[in-house]
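Undergrad: We have chain B; now place chains E and W onto it with these hints.
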Amino acid sequence: MNQFRTTMLASVLATGMAGTVWAQDLPYGLKPGKPYEGTELNVMAVVTPQFTGLALRDNEFEEMTGIIVNWTEIPFVGLQEKVSSVGVAADGSFDVVNYLDTWGPPNAHWFVPLDELLARDGISMERYPPAFAKSAMYEDTVIGFPLRAHAQLFFYRADIFEELGLEPPETWDDVIAAGKAIRESGKEIDPLALYFHNDGNRQNLFVWLDFLWAAGADVFDESFKPVWNSPEGIQATKDYIGLHTEHKITHPGSIQFVEQDARISFQQGNAAMIPVWWWAYSPMTNPEQSVLTEDQVAFTAMPSYQGNTVSYAISMPYSISQYSENQEAAWEFMKWLSNPDLEKRNAIEREVQGTPIVNNVVAHIENLEDPEVNAANDDIQLAAWESLQNSDIMPQIPEWPEIGDLLSAAITEAAAGGDVEQLMNDAAERADSILRRAGYY
Amino acid sequence: MSDRWLKYWLVLPAVVVVLATAVWPLVYSAILSLRTWKLSRSNIPGPFIGFENYGWALFEDPNFLNAVWVTSVFTFFTVALTILFALGVAVLLAPGGRLRLTVRTLLILPFAMSPALIGVSWRFMFNPDFGLFQAFFGAIFPPLADVQWLADPNLAMVVVIMADVWGWTPFITLMFIGGLASVSNETIEAAHLDGAGSWSAFLHVVLPQMRLVIGVAVVLKAIFSLKTFDTVYMLTNGGPGTATQTLAHYVYFSGFKYYDMGYASSVAWLMVLPMLVLTWLYTRFVFRRPDAV
Amino acid sequence: MVRAHAVRNEAIQIVLILFVLAVMMVPIFWMASAAFKEVVDVFQLKLWFDPTFRNFVEITKPPYLIQEKFLNSTIIAGATVAVAIPLSTLAAYGFSRFRLTGEKVMFVTILATQFLPAVVIVLPFFILFRDLGLLDTRLGLIIIDLALVMPFGIWMIKGFIDGIPLEIEEAALIDGATRLQIIGRVILPLAAPGIITAAIFCFIIAWNEFLFALILTTNKAVTLPVGLALFKAEEGELWHYIAAAGIIIMVPMWVLALLIQKHFVKGLTMGAVK
Chain B
1 MNQFRTTMLA SVLATGMAGT VWAQDLPYGL KPGKPYEGTE LNVMAVVTPQ FTGLALRDNE
61 FEEMTGIIVN WTEIPFVGLQ EKVSSVGVAA DGSFDVVNYL DTWGPPNAHW FVPLDELLAR
121 DGISMERYPP AFAKSAMYED TVIGFPLRAH AQLFFYRADI FEELGLEPPE TWDDVIAAGK
181 AIRESGKEID PLALYFHNDG NRQNLFVWLD FLWAAGADVF DESFKPVWNS PEGIQATKDY
241 IGLHTEHKIT HPGSIQFVEQ DARISFQQGN AAMIPVWWWA YSPMTNPEQS VLTEDQVAFT
301 AMPSYQGNTV SYAISMPYSI SQYSENQEAA WEFMKWLSNP DLEKRNAIER EVQGTPIVNN
361 VVAHIENLED PEVNAANDDI QLAAWESLQN SDIMPQIPEW PEIGDLLSAA ITEAAAGGDV
421 EQLMNDAAER ADSILRRAGY Y
Chain E
1001 MSDRWLKYWL VLPAVVVVLA TAVWPLVYSA ILSLRTWKLS RSNIPGPFIG FENYGWALFE
1061 DPNFLNAVWV TSVFTFFTVA LTILFALGVA VLLAPGGRLR LTVRTLLILP FAMSPALIGV
1121 SWRFMFNPDF GLFQAFFGAI FPPLADVQWL ADPNLAMVVV IMADVWGWTP FITLMFIGGL
1181 ASVSNETIEA AHLDGAGSWS AFLHVVLPQM RLVIGVAVVL KAIFSLKTFD TVYMLTNGGP
1241 GTATQTLAHY VYFSGFKYYD MGYASSVAWL MVLPMLVLTW LYTRFVFRRP DAV
Chain W
2001 MVRAHAVRNE AIQIVLILFV LAVMMVPIFW MASAAFKEVV DVFQLKLWFD PTFRNFVEIT
2061 KPPYLIQEKF LNSTIIAGAT VAVAIPLSTL AAYGFSRFRL TGEKVMFVTI LATQFLPAVV
2121 IVLPFFILFR DLGLLDTRLG LIIIDLALVM PFGIWMIKGF IDGIPLEIEE AALIDGATRL
2181 QIIGRVILPL AAPGIITAAI FCFIIAWNEF LFALILTTNK AVTLPVGLAL FKAEEGELWH
2241 YIAAAGIIIM VPMWVLALLI QKHFVKGLTM GAVK
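For the protein sequence lines, the chains are B, E and W, in the order given.
Numbered according to the working numbering, the first sequence spans residues 1 to 441.
Numbered according to the working numbering, the second sequence spans residues 1001 to 1293.
Numbered according to the working numbering, the third sequence spans residues 2001 to 2274.
These are calculated hints, taken from the structure and not from any lab test.
Note that beta-carbon positions come from the ideal geometry of N, C-alpha and C, so glycine has one too.
Hints should not be assumed to be uniformly reliable.
[As the list claims (entries may be wrong)] Sample of chain W residues at the chain E side, in silico, Cβ under 8 Å:
(1) L2021
(2) W2030
(3) S2033
(4) K2104
(5) Q2114
(6) M2156
(7) I2164
(8) M2250
Next comes chain B alone, as it looks inside the complex (with noise of 0.2 Å):
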């Protein structure tokens, strides 16, 4: 494997030193000339609007290099299996997969490594905020590019704040306060739909780990040891199950609830706050699907706890496969694909050869700062970078699939009432095991 890697790197720079003597006329850093042309790429990805978008314009890529990209639909629900399967199969089935960045470590093994693509071609991965670029890499080797980025922001009811003279929440207090207010003023809505259930996708801790980070304590130490239930952690942990178990400003139904029940709670009005992914304004503000109109809807970055605010972050990055036999045509595609100009007109362009479009991720610095792209989406990208400022992904080891789900699941029975110090302790004991089965110590 490594030889084959090696060989396959070696080739590609070598034509690439041959390419940079022609002049550059084609941007984004693509070879000149269609050296690749009648390459058909076999691409894996998700349903999204910001991809079908992409998709659709693909025809500008076909113009230039003459390499025909054909998309195959995948159902997220599936879409592990399937990445896995690809490796399994190590063919070349396809050339280039899309996965979210949890996977990205357990597959990394038969992904190409971009390091050197991206000295030789000049492009930095410093174009994308630390933690989306950290997404996308795995032992210090960058594997893809995060083309579907999310920050996490804090949705508010405006109206509703307006009405009881509330400020937008700075810190996780002025939350509890809100909410209280909110209880006390009667309203037939609850203060603050979370996300307790372990679904599968430990989306329930997407917040935990905020409140984890910002107090100073970390999932695991150096040597992968699992430090959750350090002192601070727990005392975080419980802050943040606390929100429903001692201050009550959650949606009773938050035990239960993962990500989507919680935003459709926030859309039919029967929750006031909601800290969620940035995309999920869209359908807060679409009348097909929300009750509630744009005024109603507003945002600030996510609030800080003990002083800090940390962020979670997460991505759905592609790669290019090993097994690929065009891993020089896939490297072109990878280039056009995430370059800049072509987010920002996907987050700006409402529609695409006459389908409608409506997406607002970008993942690139300057389109986060980008004038324009805020003005076609409410400034929500400025919130977005406020929250990426001091952001960070989940652990990036092979196991933590699994060490994850045992968190999710500690963190719905604490939800429900269990003790929060030993439910963590437990967790920890049995991540210890298991890392410890796999070789880690």
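TA: Same frame as chain B, but now just chains E and W:
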């Protein structure tokens, strides 16, 4: 062709198809359970590690034992309730008439909904804001109105069992209606003539003649209950915590979500043992024929 | 006195039947109603709403293209049943009426093939099919579905054939009929309810099969359950689309059930006349 040879030819095509397509994976997965294979490390199975996977499951993994318990409870209640309800409904719907015939055609629908669809649908029906059943049960028992069904370990189990029984009972009812047809009317009339009431006639005359169909239904339902994955996955994902995590769910997650196919195979084979016992017992029961060739 | 008793009995039964009907159909109606709602109404407990057909239109457009998946599912499940039921009926008769060497072992092994959850065998099949060129083909899925349903078909039909008394066959044998003639003219009509039930079972199992379809198909042979899974997106379940697709699936099932009721009832009454 004489019966002596015909009987094997009758059976041969089916047996060949089944053996060719299904026995190989059985053997393969048994061997795989003795190896280590992590999809996150390699795309081909790794070296042999003997019974290490089994040892881990049985002695070191609390989630495995939890899944065994959950599966046992789930299987017991779903099989018992399905068979009982199906028998009752079958007796109800067996006679003719327009109403009964109409209802009989509808029996196919709940089963036609895929288990995943049933899971999603029932999850929404217990949503605290807009769930139909949430509202319904709350109306009947006011104390239940504010209960979060899917967040309580016991109630979540109740919901999962309900959803499964709901999906399967109509179909098993169809089986039993067919089974009731082969109960000869003469025996029932004879029992009535002897002075037996309907209930006694049912217990002592009808049921024994239906025992073979009931037996098939029990084994069938038990096997599917033991393999239940989609409904649990969509309804509760094994939650809250691991309160509804069946063995099939655990096997699936171990294999595809946690990338350990070797371990998943071993847990799957541990599941096979009770099914083998159940099936073997039933086979002995069913092959007791007095006058076969 | 007896008549009043009988009438009251029947009245109770009708109440019970209606109750059963309600329990069976309410969840289905609730789901069906979502198919005609706009998304914003779907997540409310509303009895009255403005219906729309948009959901049905949307699911036929890319990327869903539910009609293609519907076609694939129909062909695959139909072919599976067409092969499985005749073979299973013959085998069931053989197991029921004859004593074969090793019959118990054969019988248990046949069913044992279905003990393992699909997840542990899907990847070996994936590699095998890749080598045989069966990936993303309808034939590949038919083979898989046959493996899935035949054990149950054999078991179920045998259960029904076991319930048919031997006297009728013995009489026919004495009259000079061959075994195959007996199967065709005596067993089939009497076991029709059982065979039809087994056929429905096999069809629905093949129809709803998800994991193999997910892993073994990509573009051309994608079936309905995988298509339906597209409705569980990043945002969560697109319940309005799932419901619309659900209706498209259930209506033909129900029509099928109506059509086969005729044979079902015929078989039932034939048995009663004995």
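Undergrad: Next, verify each hint and record whether it holds.
TA: Here is what the structure says about each hint:
Annotation: interface hint on L2021(W) holds; nearest CB of chain E at approximately 5 Å, less than 8 Å. Of the supplied interface hints, the one on W2030(W) holds, with its beta-carbon coming within about 5 Å of a beta-carbon of chain E, less than 8 Å. A cut of 8 Å between beta carbons decides the hint on S2033(W): the least distance to chain E is about 10 Å, and the hint is violated. Hint status for K2104(W): holds, given a least beta-carbon distance of 5 Å to chain E, under 8 Å.
For Q2114(W), the suggested interface contact is upheld, since its CB lies about 6 Å from the closest CB of chain E, less than 8 Å. Taken as an interface hint, M2156(W) checks out: its beta carbon lies about 6 Å from the nearest beta carbon of chain E, inside 8 Å. With a least beta-carbon distance of about 6 Å to chain E, the hint placing I2164(W) at the interface is held under the 8 Å criterion. This hint holds: M2250(W) has a C-beta 6 Å from the nearest C-beta of chain E, less than the 8 Å allowed.
Checked against the numbered hints given earlier, this structure breaks only hint 3.
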